[in-house]
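S.K.: One letter stands for each residue in the lines below.
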Amino acid sequence: MIVIAAGVAIVVLVPDEELSQSPAPLDWRVPDPDTSRMQARVAQRLKEARQAVRRQLDSPEAWGRFGAVCDVHELYGHAAQCYRHAYALAPNDFRWPYLLAYVRELQGADVAETTRLFQKAAELEPEFPPVFFRSADALMREGKLDEARDHYRKAIQLDPTLAVAHRGLGQALIALGDPQTALHHLERAVQYGQQDGAVFAAMAQAYTRLGDFDRAEEAGQKSRRLSSVLALPDPIRFEVEALGISSKHCYDRARTLMQGGDYAAAIDQWKIAEESLPNDPQLHHRLGISYMRTGRPALAIEHYRQALELNPKLANAHFNLGIGLERLGRVDEAIEHYRRAVQIDPNHRAVRRLGQLGSAPR
Amino acid sequence: MPSRTPTVSLGIRRQVVSAPGRVTRLIGALSGLLGMCLGGGCTDHADNPGDATQAPPAQWFTEITTAVGLDFVHETGATGELYMPEVIGPGAALFDFDNDGDLDIYLINGNHGLPDAVVEQTPTNRLYRQDPDGRFVDVTAESGLGDGGYGMGVAIGDIDNDGDADVYVTNYGPDRLYQNRGDGTFEDITQSAGIDVPGWSCSAAFFDYDRDGFLDLYVTQYVEFDPHLRCFDEAGRRDYCGPKEFPPVHDVLLHNNGSSGRPGFTDVSEEAGVASIPAAGLGVVCEDLNDDGWIDVYVANDAYPNHLWLNQRDGTFREVALMMGAAYNLHGQSEAGMGVVAADFDNDSRLDLFVTHLRVETNTHYRNLGRGVGFDDVTGETGLAASSMEYTGFGTAALDVELDGDLDLVVANGRVNRVDPLPDASIDPPWNLLAEPNLFYLNDGTGRFELIERPVASLCGLIEITRGLAIGDIDSDGDLDILISNVQGPARLYRNTSPRNGHWLVVRATDLSLRRDAIGARVTVFCDGQPLVRAITRGFSYLSSSDPRAHFGLGDVDRVDRIEVRWPDGARESFPATEVDRFVQVTRGTGKRQP
Numbered sequence: 001m002i003v004i005a006a007g008v009a010i011v012v013l014v015p016d017e018e019l020s021q022s023p024a025p026l027d028w029r030v031p032d033p034d035t036s037r038m039q040a041r042v043a044q045r046l047k048e049a050r051q052a053v054r055r056q057l058d059s060p061e062a063w064g065r066f067g068a069v070c071d072v073h074e075l076y077g078h079a080a081q082c083y084r085h086a087y088a089l090a091p092n093d094f095r096w097p098y099l100l101a102y103v104r105e106l107q108g109a110d111v112a113e114t115t116r117l118f119q120k121a122a123e124l125e126p127e128f129p130p131v132f133f134r135s136a137d138a139l140m141r142e143g144k145l146d147e148a149r150d151h152y153r154k155a156i157q158l159d160p161t162l163a164v165a166h167r168g169l170g171q172a173l174i175a176l177g178d179p180q181t182a183l184h185h186l187e188r189a190v191q192y193g194q195q196d197g198a199v200f201a202a203m204a205q206a207y208t209r210l211g212d213f214d215r216a217e218e219a220g221q222k223s224r225r226l227s228s229v230l231a232l233p234d235p236i237r238f239e240v241e242a243l244g245i246s247s248k249h250c251y252d253r254a255r256t257l258m259q260g261g262d263y264a265a266a267i268d269q270w271k272i273a274e275e276s277l278p279n280d281p282q283l284h285h286r287l288g289i290s291y292m293r294t295g296r297p298a299l300a301i302e303h304y305r306q307a308l309e310l311n312p313k314l315a316n317a318h319f320n321l322g323i324g325l326e327r328l329g330r331v332d333e334a335i336e337h338y339r340r341a342v343q344i345d346p347n348h349r350a351v352r353r354l355g356q357l358g359s360a361p362r
Numbered sequence: 001m002p003s004r005t006p007t008v009s010l011g012i013r014r015q016v017v018s019a020p021g022r023v024t025r026l027i028g029a030l031s032g033l034l035g036m037c038l039g040g041g042c043t044d045h046a047d048n049p050g051d052a053t054q055a056p057p058a059q060w061f062t063e064i065t066t067a068v069g070l071d072f073v074h075e076t077g078a079t080g081e082l083y084m085p086e087v088i089g090p091g092a093a094l095f096d097f098d099n100d101g102d103l104d105i106y107l108i109n110g111n112h113g114l115p116d117a118v119v120e121q122t123p124t125n126r127l128y129r130q131d132p133d134g135r136f137v138d139v140t141a142e143s144g145l146g147d148g149g150y151g152m153g154v155a156i157g158d159i160d161n162d163g164d165a166d167v168y169v170t171n172y173g174p175d176r177l178y179q180n181r182g183d184g185t186f187e188d189i190t191q192s193a194g195i196d197v198p199g200w201s202c203s204a205a206f207f208d209y210d211r212d213g214f215l216d217l218y219v220t221q222y223v224e225f226d227p228h229l230r231c232f233d234e235a236g237r238r239d240y241c242g243p244k245e246f247p248p249v250h251d252v253l254l255h256n257n258g259s260s261g262r263p264g265f266t267d268v269s270e271e272a273g274v275a276s277i278p279a280a281g282l283g284v285v286c287e288d289l290n291d292d293g294w295i296d297v298y299v300a301n302d303a304y305p306n307h308l309w310l311n312q313r314d315g316t317f318r319e320v321a322l323m324m325g326a327a328y329n330l331h332g333q334s335e336a337g338m339g340v341v342a343a344d345f346d347n348d349s350r351l352d353l354f355v356t357h358l359r360v361e362t363n364t365h366y367r368n369l370g371r372g373v374g375f376d377d378v379t380g381e382t383g384l385a386a387s388s389m390e391y392t393g394f395g396t397a398a399l400d401v402e403l404d405g406d407l408d409l410v411v412a413n414g415r416v417n418r419v420d421p422l423p424d425a426s427i428d429p430p431w432n433l434l435a436e437p438n439l440f441y442l443n444d445g446t447g448r449f450e451l452i453e454r455p456v457a458s459l460c461g462l463i464e465i466t467r468g469l470a471i472g473d474i475d476s477d478g479d480l481d482i483l484i485s486n487v488q489g490p491a492r493l494y495r496n497t498s499p500r501n502g503h504w505l506v507v508r509a510t511d512l513s514l515r516r517d518a519i520g521a522r523v524t525v526f527c528d529g530q531p532l533v534r535a536i537t538r539g540f541s542y543l544s545s546s547d548p549r550a551h552f553g554l555g556d557v558d559r560v561d562r563i564e565v566r567w568p569d570g571a572r573e574s575f576p577a578t579e580v581d582r583f584v585q586v587t588r589g590t591g592k593r594q595p
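So the sequences go chain by chain: A and B. Position 347, counted from 1, in the first sequence is what this note's numbering calls 347; the numbers after and before it change by one each time, with no gaps. Position 336, counted from 1, in the second sequence is what this note's numbering calls 336; the numbers after and before it change by one each time, with no gaps.
In isolation and in its complexed conformation, chain A is listed as follows (with noise of 0.2 Å):
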């Protein structure tokens, strides 16, 4: 097939399947979102993943590398444009059938449409469960209950540990009638890891379809207790979140960060985050804490106080902006901020420190 695009000529294999059951023709013109209103960094990379593909229209890793900066920045349908280029470009790369249904369903898409593109990564790349973990997901969403149960099946044969897929085959148990299996698999789930929120709902629910009320209270306390993730392990989708570099992704970057303990790395991205919101109370604890356990207590003490400033009633603030002070053996001051933290939540742990000062609360 010849394609003119930007003036060039060239030549591109385009599956048929997919330009047959396609609405409308591909359009070679090269996206160009309007970044106007985004911030700098991200309209130059942007910028930088346009001009690549400009600088090659042929090259099936400059359209996905587009499509993965549009994608991270929910830039949803210039992704799904730039995958499908770069799906007609190398029609037997897994990944860009399998990005590009990953965009479409958020688009949408019919679910004949993303299940035949995720079927066709599963026949390019068949050892690779989060394709049939997300196909699952796609079909559940449909209601295509007994499909959906026999592609979590499948994710758990490629990774009979793939706890989230245990958690899928569950709920679609829960749903197809069958509490009982369900209930296995979701124990299956906690037992590999997957020991989240929703996968403690579903057990309650099984539960409470078995008639067992103590449990299902059990598990809905448990539930009640913890947000909802999806752990699922896919190299393809970090790939693209790592792509993201707006002051958004960079906290919540910053946030993961933290919680997995590497705090250096975190306040790099805390500062980027800072430049677009220099009037976050949150950012400017959490990079106090970061510069805490990083061994920098003047620092924290910093921006434990910006913090502070822009909201005064942040107990933890002023309990770490005490725990700052202490290390640097201002210790009357950090009484007063463990007093304070305790006049905002009475229950508060800085009551104990104030104990183990020997201070009572005002």
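No lab work stands behind these hints, which were simulated from the structure alone. Since the structure is predicted, the reported quantities are computational estimates derived from the model, not experimental observations. Check each hint, because a few of them may be wrong.
[Unchecked claim] One side only, chain B facing chain A, incomplete, derived with CB under 8 Å:
id: 1; residue: N99
id: 2; residue: G199
id: 3; residue: D233
id: 4; residue: M323
id: 5; residue: T362
[Claimed, not checked] Cβ-Cβ distance ranges computed for the label pairs, FRET-style:
id: 6; chain 1: B; residue 1: D131; chain 2: A; residue 2: E241; range: 53 to 63 Å
id: 7; chain 1: B; residue 1: D133; chain 2: A; residue 2: L176; range: 54 to 64 Å
id: 8; chain 1: B; residue 1: G529; chain 2: A; residue 2: D178; range: 25 to 35 Å
id: 9; chain 1: A; residue 1: Q259; chain 2: B; residue 2: P278; range: 51 to 61 Å
id: 10; chain 1: A; residue 1: V229; chain 2: B; residue 2: D131; range: 27 to 37 Å
id: 11; chain 1: B; residue 1: T266; chain 2: A; residue 2: L176; range: 40 to 50 Å
[Claimed, not checked] Distance condition first, Cα-Cα at most 30 Å in a straight line; then the derived DSSO-like pairs of lysine-lysine:
id: 12; chain 1: A; residue 1: K222; chain 2: A; residue 2: K271
id: 13; chain 1: A; residue 1: K47; chain 2: A; residue 2: K271
id: 14; chain 1: B; residue 1: K244; chain 2: A; residue 2: K222
id: 15; chain 1: A; residue 1: K313; chain 2: B; residue 2: K592
id: 16; chain 1: B; residue 1: K244; chain 2: A; residue 2: K271
id: 17; chain 1: A; residue 1: K222; chain 2: A; residue 2: K313
id: 18; chain 1: A; residue 1: K154; chain 2: A; residue 2: K47
id: 19; chain 1: A; residue 1: K144; chain 2: A; residue 2: K154
Heads up, the beta-carbon is just placed ideally off N, CA and C, and yes, glycines get one too.
We have chain A already, so just place chain B on it with the hints.
M.R.: For chain B alone, coordinates are given in the frame of chain A:
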């Protein structure tokens, strides 16, 4: 509300003037106007004659906003700082405030006072009285209902059982309660009635949870908004913040102390249990969802698990949404719950739930499994998944639009995040970034839905930022009409002009001892032994209040064998057969008691 023979036919009046200050554009897909002219008359958007060679399909809804004198335009008071309350309201109400037998309209407004919401008291909410000729007249000034708070929503209920409708206004800022004096005017009794609900209230609904005969009030509270926080989207663009950026809060339950003789409410949130779990509440319905005869509360929470507060029959509630499968979607994810409606979509006599959600989430349809077992998320199975992923849903209602005996579904859409604008948005920048079309789904009779577009283009073709949605029979012709409210745009009134595929019956259920509609009752009509169930309720959708009468499309059934009412206190009563295509009133104590 007594029935009356329709005396006006609004659909045949020629209307050629666009709403003031509004840019009316037609989207490409709807070019040719698709029958915005109907029966020789045209709607507000009839300035394009369309393709004369193609017969336009009949429009199922005909906009009559301007023709009937409705000239309300919502104002956000936005300054460009992107304060979240700007895009969360407004709601709307259809109710008969003057007891003259037709529905009047109350519309909620913002003001110029953000972030403090007290700086300036104008613009205000507005009340429109429907006159006998079908036109609406602005009676705000003389009514005393021109609330100047930063308005969110409205709940209607007769708080003092004196036979007229009182008004509760939810605000970003203190809420207000207005007592109907019975002469077309209202008195602000917020203080004297003990109402002290500051913060950010959204949807509210009246219901009698303790069966003492007086309507109590559930008020959703959203978040502890901090106007100083700035938010950005994934691409680093300034955007409205989401609920997770702010501390969650708990909802408010106000007990009506009506038995004491003077209207008064007590905040019982703590002792009733509803204060035990903070979240970000937006939508609420008060219905008996486990069929034990006691009215429960279901709250659509934004980015938090939804709550199903089961009535424990002792003045307290227990949260069971999680165990009953109505907290999360099928994948165990919390969604951004906005509006909610409880209705029997599959004609199995149980009230199912439909919750509207954010873009990249589906709206979610929970099927009630009965016997108190709980709910299944059947969104995909019933055809409601993919079509909603692109849009952010708010107001919603279940109505049998073409009278064929099953409940169809309408969803009001409009974003809360400023992503790339849809082409042909019907409003000017920067608001076009938030504009989306509304959706209409037709029930195929089995509880499965199909999205339809062309016949409802007048309702769904405009790309605006719609929030509130209320339904009621504006013209007393036996079908349900639709009122919507837009952010920074006009409220719009649509008359149902769909092809009639059947007969109809409208049932008003009243309790004479209480001198009011039996809010919380459930009406079942039996036709050839088959039951059809509808709830007597005003409070569903989003920030809005609707006509409480039970509306039944009956298909080709031309006689109702009997009507059964389960009153809010659980008592059952049966009423004799009736002819169809009429309004009937069933009054407690005049039927035959059922075991």
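S.K.: Among the hints numbered above, which are violated by the structure, and what are their numbers in rising order?
M.R.: 1, 2, 9, 10, 12, 15 and 18
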